[in-house]
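Novice: Position 59 of the sequence shown, counting from 1, maps to 59 under my numbering, and the rest follow consecutively.
Keep in mind that the hints were calculated from the coordinates and are not lab data.
Check each hint, because a few of them may be wrong.
Said to hold, decoys possible - 20 Å max Cα-Cα, derived PhoX-like pairs, lysine-lysine:
# : residue 1 : residue 2
1 : Lys48     : Lys65
2 : Lys48     : Lys59
3 : Lys22     : Lys37
4 : Lys37     : Lys48
5 : Lys59     : Lys37
6 : Lys22     : Lys48
Said to hold, decoys possible - Listed next, with one range per pair, are the computed distances between beta-carbon atoms:
#  : residue 1 : residue 2 : range
7  : Asp89     : Val45     : 10 to 20 Å
8  : Ser87     : Pro43     : 15 to 25 Å
9  : Val45     : Gln90     : 25 to 35 Å
10 : Asn100    : Glu6      : 28 to 38 Å
Backbone N, C-alpha and C define an ideal beta-carbon position, used for all residues, glycine too.
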Amino acid sequence: MTYLREQADSASVSLSIHVQPKASRTRVAGLHGDALKLCITSPPVDGKANAAVIGFFAKLFKIPKAAVIIASGETSRDKRIILAGISADQAEAVLQPLLNP
């Protein structure tokens, strides 16, 4: 999966995501090119969309919000996030059912 990369420490993963703000509901909506498409209800104002992205992935992977880091793309729809404490296998196991319902 090109949107999912294991970090060098093997204790975290990097996800490429494409965010669609102001959606009707927050959900993973498949792929957008080589990125995971995430629809969120929050508007892209005052960091609300970024906070929603962090909260969504923290809840999805059952990790603290502090373990979800936006590594790049804070002001863009295309972001790279790091999930600390998650292996690539764990991430794939959580994301696959959302991509192939």
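Novice: Each hint should be assessed against the structure and marked as holding or not.
Specialist: Verification of the supplied hints:
no., hint, result
1, Lys48 to Lys65, "holds, 14 Å"
2, Lys48 to Lys59, "holds, 16 Å"
3, Lys22 to Lys37, "holds, 13 Å"
4, Lys37 to Lys48, "holds, 18 Å"
5, Lys59 to Lys37, "holds, 17 Å"
6, Lys22 to Lys48, "holds, 11 Å"
7, Asp89 to Val45: 10 to 20 Å, "violated, 36 Å"
8, Ser87 to Pro43: 15 to 25 Å, "violated, 33 Å"
9, Val45 to Gln90: 25 to 35 Å, "holds, 33 Å"
10, Asn100 to Glu6: 28 to 38 Å, "violated, 21 Å"
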